[in-house]
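**Q** Sequence:
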Amino acid sequence: MKYRKLGKTGLKVSEICLGTMTFGNQIDEAESVKLIRWTIDAGINFIDTADMYVDG
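Numbering-wise, the sequence shown is residues 1410 to 1465 according to my numbering.
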């Protein structure tokens, strides 16, 4: 996995981001957990969890 610096924070985030827009609506909790575990195992540490997705 390739990583990039996040501004001047000192953090490094993966170039790939998991968007969770369909979690809780189109994907149930069990599938969501499986996908997050796979994501972390793949080295992805950038997860978009904006709380506005499910409710529009």
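Each hint should be verified, as a subset may be incorrect.
Stated by the list, open to error - DSSO-like, lysine-lysine: derived pairs with alpha carbons at most 27 Å apart:
#: 1; residue 1: Lys-1411; residue 2: Lys-1443
#: 2; residue 1: Lys-1421; residue 2: Lys-1411
#: 3; residue 1: Lys-1417; residue 2: Lys-1443
To be verified - Label pairs and their computed distance ranges (CB to CB):
#: 4; residue 1: Lys-1417; residue 2: Ala-1439; range: 22 to 32 Å
#: 5; residue 1: Lys-1414; residue 2: Gln-1435; range: 13 to 23 Å
#: 6; residue 1: Ala-1439; residue 2: Gly-1416; range: 10 to 20 Å
#: 7; residue 1: Lys-1417; residue 2: Gly-1452; range: 20 to 30 Å
#: 8; residue 1: Lys-1417; residue 2: Lys-1443; range: 26 to 36 Å
It is worth saying that the hints were derived from the structure and are not from the lab.
All figures in this text were calculated on a predicted structure; none of them were measured in a lab.
Every residue, glycine too, gets a C-beta built ideally from N, C-alpha and C.
**Q** Assuming the hint says 13 to 23 Å, is it satisfied by the Cβ distance from Lys-1414 to Gln-1435 or not?
**A** violated, 33 Å
**Q** Given a hint of 26 to 36 Å, does the C-beta separation of Lys-1417 and Lys-1443 actually sit inside it?
**A** holds, 35 Å
**Q** Is 20 to 30 Å a correct range for the gap between the Cβ atoms of Lys-1417 and Gly-1452?
**A** holds, 23 Å
**Q** Does the alpha-carbon distance linking Lys-1421 and Lys-1411 stay inside the 27 Å limit?
**A** This hinted pair holds, its Cα atoms lying about 9 Å apart.
**Q** Quick one: are Lys-1417 and Ala-1439 within 22 to 32 Å, going by C-beta?
**A** This hint is violated: roughly 39 Å between Cβ atoms.
**Q** Holds or violated: Lys-1417 with Lys-1443, Cα cutoff 27 Å?
**A** violated, 32 Å
**Q** Using the C-beta atoms of Ala-1439 and Gly-1416, is the stated range 10 to 20 Å upheld?
**A** Given about 35 Å between the Cβ atoms, the range is violated.
**Q** Run the distance test for Lys-1411 versus Lys-1443: straight-line Cα separation, threshold 27 Å.
**A** holds, 22 Å
Consistency note: the structure conflicts with the earlier hints numbered 3, 4, 5 and 6.
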